[in-house]
Each structure stands twice: as C-alpha cells, then as structure tokens.
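Chemist: Protein sequences appear in the order of chains A and B. Per my numbering, residue 81 is the first one in the first sequence, and the count goes up by one each step. Per my numbering, residue 52 is the first one in the second sequence, and the count goes up by one each step.
Since the hints were made in silico from the structure, they are not lab data. No residue lacks a Cβ here, since even glycine has one placed at the ideal position from N, Cα and C. Mixed in with the good hints there might be a few duds.
Unchecked claim - Just so you have them, the derived chain A footprint on chain B, three or more residues with Cβ under 8 Å:
| id | stretch |
| --- | --- |
| 1 | 85-93 |
| 2 | 107-118 |
| 3 | 209-218 |
Stated by the list, open to error - Negatives, chain A to chain B, calculated, CB over 10 Å:
| id | residue |
| --- | --- |
| 4 | PRO94 |
| 5 | GLN103 |
| 6 | LEU106 |
| 7 | ALA112 |
| 8 | GLY114 |
| 9 | ARG115 |
| 10 | TRP124 |
| 11 | ALA152 |
| 12 | LEU154 |
| 13 | LEU159 |
| 14 | ALA160 |
| 15 | ALA161 |
| 16 | ILE165 |
| 17 | TRP166 |
| 18 | ALA184 |
| 19 | GLU191 |
As a plain string of letters, each chain reads:
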Amino acid sequence: MNKPESFKKELQEPDPALLAGLQDLLRHDAAATGRSDAHQAWAWTRLQARLQEVQMQPRGWPALSRWFFPAAGLTLAGLAAVVFIWRDSTSLSRVQTLSPSLYASTFYSREAGADVIWVTGYNYERGDSTGATP
Amino acid sequence: MNQDSAAGVQPSGDEFQEALWLEAARLGRDDAWAEIHRCYYKNLWSAVNRMLQDEALTEDVVQEAFLKAYRRISHFRGQSRFGTWLYSIALNQARDTLRSLKRRQKYLGLFPVQQDEDDVPLEAIDPNHAGRAAELADQGRLIRQALSTLDAEHRAVVELRLVQGFSTDETARILKCKRGTVLSRLFYSCQKLKILLQDSHEQA
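With the hints as extra help, turn the sequences into a complete structure.
Modeler: This is how it looks when you write it as structure tokens:
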C-alpha cells in the first residue's frame, strides 16, 4: 500500500538539528527543575520504610490479598443468593386443586411481607393447562 | 554507578557493576536497592513528572514503581536493560494514575483540576500572540507551557527520547507501543514545540 508522503515523513526521525535544539532546551530545563540530592535522600527514606513493610509481610501475601478478598466476597454473595432462592422456593406451598380446571397456590412473599394466594388455570405441578381462565 | 550521567539511560555505563547490584537486589539487600534508587530516582522522577505535571503525584508514582520493581525483580530476566524495565513500570504506573484521575474527574466532577500557574492556554503562547509570549521572559516556563499543550503520551515520548536519551526502540518498549507510533508522536511533538518555542529556540 502506498503511504502518503506526509505519513512517510512522520515515520522518519525528525530533523537532527531540530532534535538537538529541542534536546538542549529540554535538558537544560530538566536540570533546573529536577530533584536535588536532599529530595533523593528523603524519597529513599520513605521508600525504605515501605520496603520494610513489604519484607514483614508473609511471602506471597500481595498475590493472596489481591485474589483472596474478591474471591471470598464472590463466594459469600453466591451463597447468599442460593439461600435467598432456596428460602423463597420453599415458601411455595402445595398447589391446591379448586376444580378440574382451577388450581391455587399459597406462598409467603418476602417482598410484600404477606401471604399471597394465587389462583390459576395452569397446573404448575403437572405442567399443563386446562385452558380455563380463572 | 554514577548518578549524574547526562543521558540517564545507563547511569554509569558500567553494565558489569550494575549486574552486581541487580544480583544483590534480587537477594533483597537494602544497600543494593539504595544504590539503584540513588542512580535512577532523579531521572525517573523527571520522566514521570513530565507526564503527570504534578510533583506530589509524581513522588507517589515513583515510589510505587520502585516497590513494584522490588516485588518483581525475580521476574526481570535481563532481556532488556534494567533501566528500560524500570522506566516501563514507572510510566505505566503514571499512565494508570492519569486514567484513574480522568475517570474520577469525569464521574465525580467534584475536584476540578488545579491549574498550575504555568498552565497558560495555548493561545497565550501562540507565536501569533507574540506580545503575550514576550511577557513570559523565563525560558523554562515557556518550555513547560509548550509541553503542557501536548498530551501525556506525547510528553512521555519527548521526555524519553530527547531528555533521557532512550532510543526509538527502547522508547517503544517502555511505552508498550509500536516504533511507528513513537516516531509519529515525536514528529508531531517536535513540529508543535518548534512553532511554540520558535523565539526561545532561536535565542538558544
């Protein structure tokens, strides 16, 4: 594929004279605004304290702490969901047959905080419908 | 290892000496880490600060980079120079910090970006506004202002290639991008800086 001239130019090293000029300016600025020895000594003292903390931690702790807590959290959330679903499903009582075409079920709705009586033409236990409309 | 090398790529140029320190660092020896810190801290700080333009944030990022290097030193296989590896950790850390800052600002909007006194809008240093530019007598300020008009990724390329003296390939490795991307960013940055710094460049 033929690349346009301007694009080809972009992929070449810039003019060395321009680079050298900018380099001088930038290095001069970096030297003027850079960190002093005192800064470096302070930063090392600060880092050393952190390194000692790291050394005190048991080996493999960073990896463990990185995965353990999210994994434990997910497991707990999963367990809570399972318990919630199980409790809800067990709250469904037996389906009562009201007539050859009507069935009723009573369950406790945690959301509503009350017993709910549900009458339907669909037999959920048998999995078929009589076609009756309650 | 000598900390005052101009290029900053290889603090001493003495690879053998550095290899000895690295071996000692792998064993967790404090004196080796002190030496590595002494050799790389200033240049690393300068590179990260050029990207973040925030001294306090830079200090934290550099410290975090050294901590990561300390934890991962056993994974360093010497496929690249130690300096390249260390810069790669630091600048990626800086990039992550910038990203999380942007995200925080985007979603919260509670903490507006503190404008540094050097952060003058582009129009203020545009050559077309020569009168305003002439008021900015300090060359250093002019340079920093010009650099602040580039985005962080472009500033990182300028810093690594022109100030720290890394090669194009090494810069690409550090920033985890293609060689062509580095060249393109360098080209664009140089063109823009050339225009913005024309006055001070001619003086220099």
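Chemist: Each hint should be assessed against the structure and marked as holding or not.
Modeler: For each hint, the structure was consulted:
1. Given a C-beta distance limit of less than 8 Å, the hint that chain A covers the stretch 85-93 of chain B holds, as 5 residues qualify and 3 suffice.
2. For the stretch 107-118 of chain B, the proposed coverage by chain A is satisfied: 5 residues have a C-beta within less than 8 Å of a C-beta in that chain, meeting the threshold of three.
3. For the stretch 209-218 of chain B, the proposed coverage by chain A is satisfied: 4 residues have a C-beta within less than 8 Å of a C-beta in that chain, meeting the threshold of three.
4. Residue-level check failed: PRO94(A) sits 4 Å from the nearest beta carbon of chain B, not beyond 10 Å.
5. A Cβ of chain B approaches the Cβ of GLN103(A) within 10 Å, the least distance being about 5 Å, so the stated non-interface status is violated.
6. Distance check for LEU106(A) against chain B: the nearest CB is about 5 Å away, which does not clear 10 Å, and the non-interface claim fails.
7. With a minimum CB-CB distance of about 6 Å to chain B, ALA112(A) fails to clear the 10 Å threshold, and the non-interface call is violated.
8. Chain B draws GLY114(A) into its interface by the beta-carbon criterion, the shortest separation being 5 Å against a cut-off of 10 Å.
9. For ARG115(A), the non-interface assignment is contradicted: its Cβ lies about 5 Å from the closest Cβ of chain B, within the 10 Å cut-off.
10. Consistency note on TRP124(A): stated as away from chain B, yet its beta-carbon is not over 10 Å from all of that chain's, at 5 Å minimum.
11. Remark: the non-interface label on ALA152(A) is consistent with the geometry, its nearest Cβ contact in chain B lying 23 Å away (cut-off 10 Å).
12. Listed as a non-interface residue, LEU154(A) keeps its Cβ farther than 10 Å from every Cβ of chain B; the least gap is roughly 23 Å.
13. Residue placement check: LEU159(A) keeps its beta carbon more than 10 Å from all beta carbons of chain B (closest about 31 Å).
14. Listed as outside the interface, ALA160(A) is consistent with that label: its C-beta sits roughly 28 Å from the nearest C-beta of chain B, beyond the 10 Å cut-off.
15. In this structure ALA161(A) is separated from chain B by more than 10 Å, as the shortest Cβ-Cβ distance comes to about 28 Å.
16. Against the 10 Å criterion, ILE165(A) stays outside the reach of chain B, whose nearest CB is about 33 Å from its own CB.
17. Non-interface call for TRP166(A) relative to chain B: holds, since the shortest CB-CB distance, roughly 37 Å, exceeds 10 Å.
18. With a minimum CB-CB distance of about 50 Å to chain B, ALA184(A) clears the 10 Å threshold, and the non-interface call stands.
19. Non-interface call for GLU191(A) relative to chain B: holds, since the shortest CB-CB distance, roughly 31 Å, exceeds 10 Å.
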